[in-house]
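Colleague: Please construct the entire structure, taking both the sequences and the accompanying hints into account.
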Amino acid sequence: MRRAIPKLSLALALLASTGAAWASGPHSKDDPNRETVIFWGAGAEIDGAQFDWFESKAGALVNWYAYVWAGGDDLKFRLEAEGESLDGAVDSSELRALLNWNIADFWDFQAGVRHDFEPAGLTWAVAGFQGLAPYFFETEARLFVNEEADVAFRFEQTYDLLFTQRLILQPHIELNAFAQNIPELGVGAGIADVEVGLQLRYEFTRKFAPYADLVYERKLGETSQITQALGEDVESTTIRLGLRIRL
Amino acid sequence: MRSRFFDFRILFVALLALPHAALAGEYRLTIDRRDVNVTGRPVSSLTINGQLPGPTLRFKEGEDAVIHVTNRLDEDASLHWHGMLLPPEMDGVPGLSGFDGIKPGETFTYRFKIRQSGTYWYHSHSGTQEQAGLYGALIIDPIAPEIVKAPRDYVVVLSDFTEENSDEILRNLKNDSGYYNRGKRTVGDFFHDVGRDGLGAALRNRLDWGDMRMDPTDLADVSGYTFLVNGKSPERNWTGLFNPGERVRLRFINASAMSYFDVRIPGLKLIVIQADGQNVEPVPVDEFRIAVAETYDVIVTPKDDRAYSIIAEPIDRSGYARGTLAPRDGLSGEIPPMRPRTVLTMSDMGMAGMQGMDHGAMGDMKGMDHGAMDDMKGVDHGAMDETKKSSGAAPRGWADASTPPGMRALRYADLKSLELQKDTRLEKREIVVRLGGNMERFIWTINGRKSGDAEPIELGYGERVKLTFVNESMMAHPMHLHGMFVQLVNGQPADRLPNKHVVNVAPGSSYSVMMTANEPGEWAFHCHLLYHMSAGMMTKAVVARMSAEMAK
Chain P
1 MRRAIPKLSL ALALLASTGA AWASGPHSKD DPNRETVIFW GAGAEIDGAQ FDWFESKAGA
61 LVNWYAYVWA GGDDLKFRLE AEGESLDGAV DSSELRALLN WNIADFWDFQ AGVRHDFEPA
121 GLTWAVAGFQ GLAPYFFETE ARLFVNEEAD VAFRFEQTYD LLFTQRLILQ PHIELNAFAQ
181 NIPELGVGAG IADVEVGLQL RYEFTRKFAP YADLVYERKL GETSQITQAL GEDVESTTIR
241 LGLRIRL
Chain X
248 MRSRFFDFRI LFVALLALPH AALAGEYRLT IDRRDVNVTG RPVSSLTING QLPGPTLRFK
308 EGEDAVIHVT NRLDEDASLH WHGMLLPPEM DGVPGLSGFD GIKPGETFTY RFKIRQSGTY
368 WYHSHSGTQE QAGLYGALII DPIAPEIVKA PRDYVVVLSD FTEENSDEIL RNLKNDSGYY
428 NRGKRTVGDF FHDVGRDGLG AALRNRLDWG DMRMDPTDLA DVSGYTFLVN GKSPERNWTG
488 LFNPGERVRL RFINASAMSY FDVRIPGLKL IVIQADGQNV EPVPVDEFRI AVAETYDVIV
548 TPKDDRAYSI IAEPIDRSGY ARGTLAPRDG LSGEIPPMRP RTVLTMSDMG MAGMQGMDHG
608 AMGDMKGMDH GAMDDMKGVD HGAMDETKKS SGAAPRGWAD ASTPPGMRAL RYADLKSLEL
668 QKDTRLEKRE IVVRLGGNME RFIWTINGRK SGDAEPIELG YGERVKLTFV NESMMAHPMH
728 LHGMFVQLVN GQPADRLPNK HVVNVAPGSS YSVMMTANEP GEWAFHCHLL YHMSAGMMTK
788 AVVARMSAEM AK
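Those sequence lines, one after another, are chains P and X.
Heads up, the first sequence is in this note's numbering, so the first residue is 1 and it goes up one at a time.
Heads up, the second sequence is in this note's numbering, so the first residue is 248 and it goes up one at a time.
Calculated from the structure, these hints are not laboratory results.
Just so you know, not all the hints are guaranteed correct.
Which bits of chain P does chain X cover? Going by a derived footprint, with three or more residues having C-beta under 8 Å, they are [unchecked claim]: (1) 159–166; (2) 188–198.
Quick list of simulated restraints, FRET-style, between CB atoms [stated by the list, open to error]: (3) GLN165(P) with ARG575(X): 20 to 26 Å; (4) ALA212(P) with GLY577(X): 49 to 55 Å; (5) THR164(P) with ALA391(X): 56 to 62 Å; (6) GLY695(X) with LEU167(P): 47 to 53 Å; (7) TRP40(P) with GLY577(X): 45 to 51 Å; (8) GLU581(X) with PHE137(P): 43 to 49 Å; (9) ARG280(X) with PHE137(P): 42 to 48 Å; (10) VAL145(P) with PRO289(X): 56 to 62 Å; (11) ARG575(X) with TYR202(P): 44 to 50 Å; (12) VAL90(P) with PRO289(X): 55 to 61 Å.
Taking lysine to aspartate or glutamate pairs in the EDC-like style, the calculated list, with each CA pair at most 16 Å apart, reads [what the hints assert, rightly or not]: (13) LYS207(P) with GLU310(X); (14) LYS207(P) with GLU415(X); (15) LYS431(X) with GLU217(P); (16) LYS360(X) with GLU310(X); (17) LYS431(X) with GLU203(P); (18) LYS350(X) with ASP321(X); (19) LYS207(P) with GLU411(X); (20) LYS663(X) with GLU528(X).
Since this is a predicted model, take the numbers as computed values, not measurements.
Where is the CB? At the ideal position from N, CA and C, for every residue including glycine.
Modeller: This is the structure we're talking about:
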């Protein structure tokens with residue numbers, strides 16, 4: 001944690017300078033028509049659930065994901081926050097600062113940093129791809145390397161199935177894998193966990209959509225044993241009620 | 248005393264006549280932000296002289312137009328005279344030919360000699376101001392008598408009005424190119440298609456589109472519009488009066504930012520006499536598709552003592568514009584049921600275009616002979632071969648306007664110039680203009696480049712060239728060249744090719760036009776869908792005075 005903060009700020013400074021170089025960079029000098037048009041976007045999903053609907057134990061679960069981006073067609077700066085809290089205590093929380101390069105019609109290459117505030121103060125370098133796979137699967141595949149050279153991999157996919165123009169079912173999947181055991185995180189080498197869900201949202205507008213999300217999570221492999229050893233559940237099913245916002 | 252009085256009268260008449268002569272063709276226009284009430288509540292909008300659309304400007308061929316435009320906005324503005332032959336610095340495109348836009352608070356005076364006649368229009372060429380309300384009609388009466396005399400003469404400006412901020416629309420599209428598509432295919436549509444085409448075909452169709460990551464319902468990038476006739480919503484019902492049996496000339500101008508319309512007046516034959524301001528041999532039709540920024544003049548002769556509805560349905564069928572021709576005020580024509588919305592087919596993707604698109608998975612696009620695309624061939628602007636359509640079949644393909652059997656829709660091939668073309672030379676060279684982009688990210692390109700990086704099209708003064716548009720996208724693009732007419736290569740004799748200032752290039756197809764580069768200067772050349780232009784689909788054509796051998 002102590003070492004992580006300076007590293008994080010260093011990485012952020014690097015990102016910022018890259019961004020500045022790009023903003024003033026190859027454009028604008030000679031030709032007045034060559035200005036880069038800057039756009040932006042932002043969005044958030046926040047939901048809550050009561051564990052006792054499905055589990056023997058009680059507990060209030062809150063999940064959040066938020067992003068903001070700014071940039072042009074070729075390069076965007078993207079900030080993402082994601083986390084989970086249980087009974088008011090933050091279980092996991094991370095912040096990602098990324099540059100997105102448009103490398104193909106449907107794909108961005110991403111690079112940047114991620115900092116975990118919980119469960120352990122770790123800083124990671126990030127490289128990955130974000131885009132739309134054939135058959136309309138929104139996809140993120142990211143590789144993380146932290147200062148101890150631990151390697152993590154995360155894969156996420158969603159798909160929109162329209163019942164009507166506004167009532168949309170979104171199956172989603174997330175998978176986390178690690179190249180080694182990371183005791184601070186309570187994970188072991190191999191596929192650590194998988195989360196699958198069915199989110200049903202109603203788009204009052206594109207920017208305002210309440211949803212219900214049925215989510216099944218399960219720890220796998222070595223991680224599952226570690227979890228069991230700690231006396232925690234290796235699987236859980238929740239129904240989450242939430243709100244999806246786009247700006 | 249008597250003679251003095253006489254003198255005085257002469258002076259009086261002269262004084263009356265003098266300002267008239269001097270002011271002939273002179274207009275003062277003020278661009279301002281005002282509240283307008285189009286949809287039932289006041290909305291802040293851009294206006295010209297407080298109006299939306301701006302006032303109709305009328306000139307006489309041969310006179311000098313003098314137009315003072317004052318910008319009362321807090322941003323740069325401009326007005327461009329669409330389809331006019333004029334010096335390039337008077338064309339009103341900021342950044343080209345020395346014109347730098349009109350700064351806030353300033354007045355710019357446009358001066359140019361009117362060298363043509365017909366129906367044209369004007370609009371802002373700054374940012375997305377055109378969508379926000381800066382457009383109007385520009386009518387030029389010919390020196391020679393009109394070919395067709397019509398006691399009633401009405402301008403019909405079609406437009407797409409939105410309460411949304413126009414810059415915000417572009418930002419929304421950059422976040423999600425399907426943001427405004429509320430006609431996407433649903434689970435229900437899938438089962439409907441299974442019922443109609445069988446499970447295999449319906450599934451294959453979904454897989455083909457999914458493979459390309461493209462959406463066959465992507466007909467219009469923006470929706471949420473109220474469609475207007477002369478600034479009036481369908482409820483407010485713009486009305487033009489006639490006496491039964493009178494000829495009525497309707498000057499249709501599509502001043503929309505994004506919307507193509509299928510236009511008809513049930514019960515009346517439309518005799519098309521002008522396209523883009525240029526006289527054509529009269530073509531009797533039942534309906535026509537008007538691309539963004541095109542104009543068509545039609546003659547109708549309503550015989551009955553009743554109201555007739557002018558119906559203009561956008562191709563995504565997200566509403567309609569409507570007006571009425573009536574023998575007296577207060578009547579309202581019948582509104583026919585809305586026609587179905589079409590669905591794009593694989594051939595709207597264009598087999599030729601597909602090689603050019605690096606959408607990864609194109610390689611395994613085969614088996615095109617199934618369900619969705621068999622009935623689409625020979626796509627021509629606006630028209631379908633109506634005999635081929637079986638009743639009850641869902642409309643298929645961009646060009647399918649659901650024209651009922653026996654009804655005739657205007658095609659580009661029907662247009663034949665009334666006047667003889669002076670330049671009938673064959674082209675010395677062909678310039679290919681590829682229209683494409685990245686729909687997922689709402690980027691639009693000409694020859695693979697966005698406006699910022701675009702390579703200008705270099706033309707020698709006097710040069711005769713063929714421009715061949717190759718549309719590699721699955722959206723239609725109304726391509727507009729400033730400063731010069733192009734001639735459609737539409738099968739008419741070389742001396743009767745019709746002049747156009749906008750050329751519709753249907754999805755996945757190619758279209759060629761001829762042009763003579765006889766107006767020196769830098770001219771904007773772009774897709775007239777406002778947000779396509781804003782997202783990069785613009786370049787310039789530069790006509791340079793060069794040595795004589797270039798011209799020959």
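Colleague: Each of the hints needs a verdict: does it hold here or not?
Modeller: Taking the hints in turn, this is what the structure says about them:
{"no.": "1", "hint": "159–166", "result": "holds (count 5)"}
{"no.": "2", "hint": "188–198", "result": "violated (count 0)"}
{"no.": "3", "hint": "GLN165(P) with ARG575(X): 20 to 26 Å", "result": "violated, 42 Å"}
{"no.": "4", "hint": "ALA212(P) with GLY577(X): 49 to 55 Å", "result": "holds, 52 Å"}
{"no.": "5", "hint": "THR164(P) with ALA391(X): 56 to 62 Å", "result": "holds, 58 Å"}
{"no.": "6", "hint": "GLY695(X) with LEU167(P): 47 to 53 Å", "result": "violated, 39 Å"}
{"no.": "7", "hint": "TRP40(P) with GLY577(X): 45 to 51 Å", "result": "holds, 49 Å"}
{"no.": "8", "hint": "GLU581(X) with PHE137(P): 43 to 49 Å", "result": "holds, 47 Å"}
{"no.": "9", "hint": "ARG280(X) with PHE137(P): 42 to 48 Å", "result": "holds, 44 Å"}
{"no.": "10", "hint": "VAL145(P) with PRO289(X): 56 to 62 Å", "result": "holds, 57 Å"}
{"no.": "11", "hint": "ARG575(X) with TYR202(P): 44 to 50 Å", "result": "holds, 48 Å"}
{"no.": "12", "hint": "VAL90(P) with PRO289(X): 55 to 61 Å", "result": "violated, 47 Å"}
{"no.": "13", "hint": "LYS207(P) with GLU310(X)", "result": "violated, 52 Å"}
{"no.": "14", "hint": "LYS207(P) with GLU415(X)", "result": "holds, 13 Å"}
{"no.": "15", "hint": "LYS431(X) with GLU217(P)", "result": "violated, 31 Å"}
{"no.": "16", "hint": "LYS360(X) with GLU310(X)", "result": "holds, 6 Å"}
{"no.": "17", "hint": "LYS431(X) with GLU203(P)", "result": "holds, 14 Å"}
{"no.": "18", "hint": "LYS350(X) with ASP321(X)", "result": "holds, 8 Å"}
{"no.": "19", "hint": "LYS207(P) with GLU411(X)", "result": "holds, 14 Å"}
{"no.": "20", "hint": "LYS663(X) with GLU528(X)", "result": "holds, 6 Å"}
The earlier numbered hints that this structure contradicts are 2, 3, 6, 12, 13, 15.
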